[in-house]
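**Student:** So you can see what is in the structure, the chains are spelled out below.
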Amino acid sequence: MPVVTSIINLKGGVGKTTITLALAHFLAIEHQKRVLVIDLDPQTNATVSLIPEMEWKARDESGRTLFQLFADQVKGTRRFHADDAIVRDVSNISGGVPGLDLLPSSLGLIKIQDRVTQLTDFEHFSRGPIYGLRDALTDFLPFYDHVLLDCPPSLGIVTLNGLAISTTYLIPVVPDILSVLGIPPILDRIDHFASSTRHNIRALGIVISKIRSQTILHNEMVQRLRDDFLARRFPPVFDTMIPESTRIAEAADVMAPVHTLQQKYGGGSYEYLSELTREYLNHVAR
Amino acid sequence: MSRGKSKSGRDGADAEAAGKLLRELAERAERDPAFGGQLADAIRASGLLDVAQPPPPARKKASKSAKHAPVAPSGRLLDPFQVLRQNGEDVLRAQLSQLDIASLRQIVRAHRLDPARISARWTATDRVITLIVEQVRARANLGRAFERI
Chain A
1 MPVVTSIINL
11 KGGVGKTTIT
21 LALAHFLAIE
31 HQKRVLVIDL
41 DPQTNATVSL
51 IPEMEWKARD
61 ESGRTLFQLF
71 ADQVKGTRRF
81 HADDAIVRDV
91 SNISGGVPGL
101 DLLPSSLGLI
111 KIQDRVTQLT
121 DFEHFSRGPI
131 YGLRDALTDF
141 LPFYDHVLLD
151 CPPSLGIVTL
161 NGLAISTTYL
171 IPVVPDILSV
181 LGIPPILDRI
191 DHFASSTRHN
201 IRALGIVISK
211 IRSQTILHNE
221 MVQRLRDDFL
231 ARRFPPVFDT
241 MIPESTRIAE
251 AADVMAPVHT
261 LQQKYGGGSY
271 EYLSELTREY
281 LNHVAR
Chain B
1 MSRGKSKSGR
11 DGADAEAAGK
21 LLRELAERAE
31 RDPAFGGQLA
41 DAIRASGLLD
51 VAQPPPPARK
61 KASKSAKHAP
71 VAPSGRLLDP
81 FQVLRQNGED
91 VLRAQLSQLD
101 IASLRQIVRA
111 HRLDPARISA
121 RWTATDRVIT
131 LIVEQVRARA
141 NLGRAFERI
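Heads up: the sequence lines are chains A and B, in that order. Start counting the first sequence at 1; every next residue gets the next number (the numbering used here). Start counting the second sequence at 1; every next residue gets the next number (the numbering used here).
Quick caveat, the hints were computed from the structure, so don't treat them as lab data. Cβ atoms here follow ideal geometry from the backbone N, Cα and C, with glycine treated the same way. Treat the hints with care, as some may be off.
Coverage of chain A stretches by chain B, computed from C-beta distances (three or more under 8 Å per stretch; other residues unrestricted) [claimed, not checked]:
| hint | stretch |
| --- | --- |
| 1 | 53 to 66 |
| 2 | 263 to 276 |
In silico negatives: residues of chain A with every beta carbon more than 12 Å from chain B [stated by the list, open to error]:
| hint | residue |
| --- | --- |
| 3 | I186 |
| 4 | M255 |
| 5 | P257 |
| 6 | T260 |
All chains, please: the whole structure from these sequences, using the hints.
**Tutor:** In structure tokens form, the structure reads like this:
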């Protein structure tokens with residue numbers, strides 16, 4: 001079975017999508033892993049960074065995104081088919097990366113998740129559509145080495161569907177005050193979910209992203225996170241820290257003509273992301 | 001007694017802060033060529049250097065076919081987004097076809113249409129023009145798929 005990792009933080013703008021996409025690309029290209037990206041965020045940023053937005057639109061309108069999966073939960077229909085919804089060999093690198101697949105998200109999730117939520121028992125998770133994603137992907141997950149879930153900045157029903165299939169999770173953090181404040185609630189909530197569902201989800205660690213190493217606050221917060229790990233309050237902090245970078249931001253452009261990872265991310269960022277992926281694999285193997 | 005600094009005092013402090021920032025940027029650009037390239041592109045794109053550019057060369061008398069001049073009267077670089085928005089793709093392509101490869105590359109750099117710089121070694125102007133048109137069209141249409149949802 002694959003390693004299934006949720007990339008999660010309740011704070012927005014901390015690099016969840018960036019790290020999901022980078023890990024997916026580097027695992028597929030540099031490590032020849034079969035990778036599935038599941039975009040759980042209704043903003044669909046990971047989706048439209050891997051396929052052109054018009055292709056997403058056509059898929060969304062024909063029931064081939066996660067919207068259909070959750071609509072089925074509400075309406076009692078069975079229109080969602082993972083085999084049709086999964087987009088194979090995505091990315092703008094050389095027109096597509098073999099072994100890098102995507103299960104696209106949908107803006108429609110914004111509308112429907114409240115209705116799905118009403119069907120859910122959030123205390124004991126004993127009923128409701130928590131396992132919709134798991135049930136839909138049962139036959140497909142074994143095809144992959146790694147599944148990466150780009151989670152929305154919430155712990156609502158969509159995220160819980162992701163956690164229900166996750167074996168590990170990763171917390172991207174910008175080393176500032178508000179981002180760090182958001183870590184304990186994630187740890188507590190995932191703990192509660194894991195114990196309630198008797199499903200073990202291991203915290204791989206915290207990844208520092210968008211760091212500006214010349215900023216005193218950022219350096220202080222990194223030290224604080226490392227201290228909290230030593231005090232066993234937080235999961236380990238990855239050694240690799242991803243600097244704030246224009247090139248990483250530009251890498252989200254799925255229409256940009258590129259042929260290699262170095263071209264997609266630029267020389268400097270490429271090194272950081274390549275190292276992050278190696279470290280990720282080491283943490284997974286522990 | 002004044003509660004804050006005087007205007008000239010603030011101006012002096014602003015100038016000092018700006019000077020410090022620019023020195024730090026210059027030092028970092030020297031240490032990190034990739035950052036230096038990005039910084040140069042950003043400055044070019046901002047138009048801050050336009051005043052330092054030499055005046056545009058004397059233009060030939062405009063002919064009917066050249067009514068959409070590739071270079072603005074100010075000598076500024078053609079803005080492909082503006083041309084596409086105002087005149088459409090055919091006019092954009094026509095205007096670009098009047099430019100030499102160096103000018104086309106300048107447009108690509110100024111608007112970061114090819115961050116990976118894979119077009120830097122291309123010698124055929126047609127290829128660069130196609131890149132510009134495709135990238136400008138894609139960016140101009142960004143977000144269209146999300147309308148009316």
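**Student:** Next step is simple, just say for each hint if it's right about the structure.
**Tutor:** We went through each hint and held it up to the structure:
no.: 1; hint: 53 to 66; in the structure: holds (count 4)
no.: 2; hint: 263 to 276; in the structure: holds (count 5)
no.: 3; hint: I186; in the structure: holds (28 Å)
no.: 4; hint: M255; in the structure: violated (4 Å)
no.: 5; hint: P257; in the structure: violated (6 Å)
no.: 6; hint: T260; in the structure: violated (8 Å)
Violated hints, in rising order: 4, 5 and 6; the structure is consistent with all others.
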